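As they're listed, the protein sequences go chains A and B.
Position one of the first sequence corresponds to residue -18 (the numbering used here), numbered consecutively onward.
Position one of the second sequence corresponds to residue 39 (the numbering used here), numbered consecutively onward.
Accuracy of the hints is not assured; some may be wrong.
If you anchor each label on the Cβ, the simulated ranges turn out as follows [claimed, not checked]:
no.	chain 1	residue 1	chain 2	residue 2	range
1	A	D334	B	F324	29 to 39 Å
2	A	E162	B	A149	24 to 34 Å
3	B	G145	A	G194	53 to 63 Å
4	A	K163	B	I121	53 to 63 Å
5	B	I266	A	P128	45 to 55 Å
6	A	K168	B	L332	36 to 46 Å
7	B	A149	A	E385	45 to 55 Å
8	B	G179	A	E162	53 to 63 Å
Which chain B residues face chain A? A few, computed with CB under 7 Å, are given here [said to hold, decoys possible]:
no.	residue
9	S90
10	Q163
11	T207
12	N229
13	D231
14	T301
15	G315
By construction, these hints were calculated from the structure, which means they are not laboratory data.
Note that this is a predicted model, so its numbers are computed, not measured.
The beta carbon of each residue, even a glycine, is placed where N, CA and C say it ideally should be.
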Amino acid sequence: MRHRSLLILTTAVTAGALTLSACGSRGDDNKSGEGKTTVVIGLDAPTTGELSALGLGIRNSAQLAVDNANKSGEVKGVTFKLEALDDKALPNVGQQNATKLAGDKDVLGIVGPLNSGVAQSMQQVSKQNNVTLISPANTTPDLTQGPDWKKNNRVRQFPTYFRTATTDEVQGAFDGQYAWEKMKVKKAYVIDDQKTYGVGLASSFKDQFSKLGGKIVGTEHVSPDDRDFKAVVSKVKSAKPDLVFYGGEYPASGPLSQQLKDGGVTVPLMGGDGMYSGDYIKLNKKAQGDYASSVGKPVEELPSAKKFIADYKAAGFKEAYEAYGGSTYDATWAVIQAVKQVVGDNGGKLPDDARKKVVDAMNKVTFDGVTGKVAFDKFGDTTNTMITAYQVDKGAWASRFSAEFKKFDKS
Amino acid sequence: MSELPQQLANGLILGAMYGLIAIGYTMVYGIVQLINFAHGEIFMVGGFGALSVYLALPTGTSLALALPVMLLGGIAVSVLVGIAAERFAYRPLRGAPRLAPLITAIGLSIALQQAIWKWYPDGKQARVFPQFKGHAFDILGATVQRGDIFVLIAAPACMIALGFFVAKTRSGRAMQATAQDPDTAKLMGINTDRIIVLAFAIGAAFAGVAAVAYGLRTGEVQFRMGFIMGLKAFTAAVLGGIGNIYGAMLGGVVLGIAEALATAYIEEIPGMQQFGGGAWKDVWAFVLLILVLLLRPQGLLGERVADRA
Chain A
-18 MRHRSLLILT TAVTAGALTL SACGSRGDDN KSGEGKTTVV IGLDAPTTGE
32 LSALGLGIRN SAQLAVDNAN KSGEVKGVTF KLEALDDKAL PNVGQQNATK
82 LAGDKDVLGI VGPLNSGVAQ SMQQVSKQNN VTLISPANTT PDLTQGPDWK
132 KNNRVRQFPT YFRTATTDEV QGAFDGQYAW EKMKVKKAYV IDDQKTYGVG
182 LASSFKDQFS KLGGKIVGTE HVSPDDRDFK AVVSKVKSAK PDLVFYGGEY
232 PASGPLSQQL KDGGVTVPLM GGDGMYSGDY IKLNKKAQGD YASSVGKPVE
282 ELPSAKKFIA DYKAAGFKEA YEAYGGSTYD ATWAVIQAVK QVVGDNGGKL
332 PDDARKKVVD AMNKVTFDGV TGKVAFDKFG DTTNTMITAY QVDKGAWASR
382 FSAEFKKFDK S
Chain B
39 MSELPQQLAN GLILGAMYGL IAIGYTMVYG IVQLINFAHG EIFMVGGFGA
89 LSVYLALPTG TSLALALPVM LLGGIAVSVL VGIAAERFAY RPLRGAPRLA
139 PLITAIGLSI ALQQAIWKWY PDGKQARVFP QFKGHAFDIL GATVQRGDIF
189 VLIAAPACMI ALGFFVAKTR SGRAMQATAQ DPDTAKLMGI NTDRIIVLAF
239 AIGAAFAGVA AVAYGLRTGE VQFRMGFIMG LKAFTAAVLG GIGNIYGAML
289 GGVVLGIAEA LATAYIEEIP GMQQFGGGAW KDVWAFVLLI LVLLLRPQGL
339 LGERVADRA
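For reference, chain A alone in the conformation it holds in the complex (with noise of 0.2 Å):
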């Protein structure tokens, strides 16, 4: 039958256009810096898609930090300069991008990415390049302690990788504890995306609010595309939970607490930072009364923050600064402290192994920044813990709850 043969090379066909579809477009621009040398910071998060809110917010906190850097003379004799690029994340554009920025030696630290499924793809071009790479959003455990961290078997993955979020496993475990001491909750269900990121707060949170005594009534796992959770839902609510968890981005978090809603699950839905986002709400006419947790303490309530919110605003981008903002711009100033370091050390002057003594100054770098004090331990991780729950109220986020978790011995 030539339909049959017909149907299966269209089959083949459409596999190799899903591949080729995810192609990067490469823009050109060259630099020129006379007199004055440039550095140059990467920048890589998703600005367009569905996580472009995220996104966006951290491409223009880290324009803002390279500005103010620039405005004030930070670092004497040096000029920084953002290279955006966009992601989409998907983690083989990530590593496109790590690649191209890489390649380009005036840039001496990239920040970002956004997901942590795209940073494992991009964390080996960051080392064999030597060069920085800081991510204000991932959170992934995995990504700095390598695979074994649960045996408690820790060992740095990345000399070159860093991040000024704190990782699920304090973040799950936080949202464990919270759902369990503060909320009062017995039962709860459990809902993953299949993700790197989703999965592993997932199971943080599993643990912690297993061992605390809480009883864990069914797991579930979705696809981070799907939009029509009906199945789900009926399942959740014959499983009578008081709290359904869910590990995952906003994308699907949104119509996935809305379906719950409309499902007869009246129990509030709780995640992570990847749910934390204006966007959240805005997708989601249910969503009053959801939980999400965030790292670090809501930059409003921040003394340290208020600079950054009043020159945010200043600025005048068009697009808010979201979940990530604060954490963003003091990941660039990491680096960007990193690199006057660097340069304080030889003179005034850039050495020629920049990327490398970049590095090492990082691992060395303390400052009081927009998320509190920025440094970093032996395995890149930040060591500030700080995590904040978040309850949707009359169409906004509003901080609950903050605290230090520090559950974890990581000597």
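We have chain A already, so just place chain B on it with the hints.
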């Protein structure tokens, strides 16, 4: 098993949506033997068309009043894009090797996605679609949302209208004739070009209806939504027997119910726990497709003869 009625309802609603889209694949295939892979995107632009109409209406218009206009808007945009695709992308390739229109379809699909992504206001993100307010209905132990009532009425209505059209009207019979043998049909005085346009238009109109149903159900439309839905609908069309309009609807409903039941019950089978749940529902849907194609290569209702329009 207390959730069985609910899961059947979930599957039926989802399946009716697949079926409406699948009609477009099956009609076009039945007449020109082309798998129009841009059909998922024709569905997608219909959703954006309906949304645009809603946004153009004065704010505060009740959705029940707006819905017919939105439906017309969605259908109009889908049909327009569908006809344009036929006229400018497929017709010039009518005599070309089969691979050429197929690749064109894939290209068109990417182009339409990117067009919405680039030019629709805020099209880079999911756009909020209006939804009915108020409580859900309880029907035979299943909770059915107000928005879902729409597809439960629209899908059978569309099928009845289409069945009547194909069987009773002059154009419908011309369509059957064209499906059987385009050359002979032409010799008999049938304007086959017009029939082909008609097939594209009807398929696109159904996709527009499905897009409104999708928007009401999930509360959002986004530029990528046509891909997965299109793929599932194509599967439904093959499952039901590609070329057969009732097969498309049956295939859609079977696929939707299979997905819902797989999510709910596979993991209750001893030893199958890790193969159940939402993560594996697509796998089971395709297992079903393979089984059906092994036992009935022509699909559930597919026949090698006449009734193909």
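Q: Determine which of the earlier numbered hints do not hold for this structure and return their numbers in increasing order.
A: 1, 2, 5, 8, 9, 11, 12, 13
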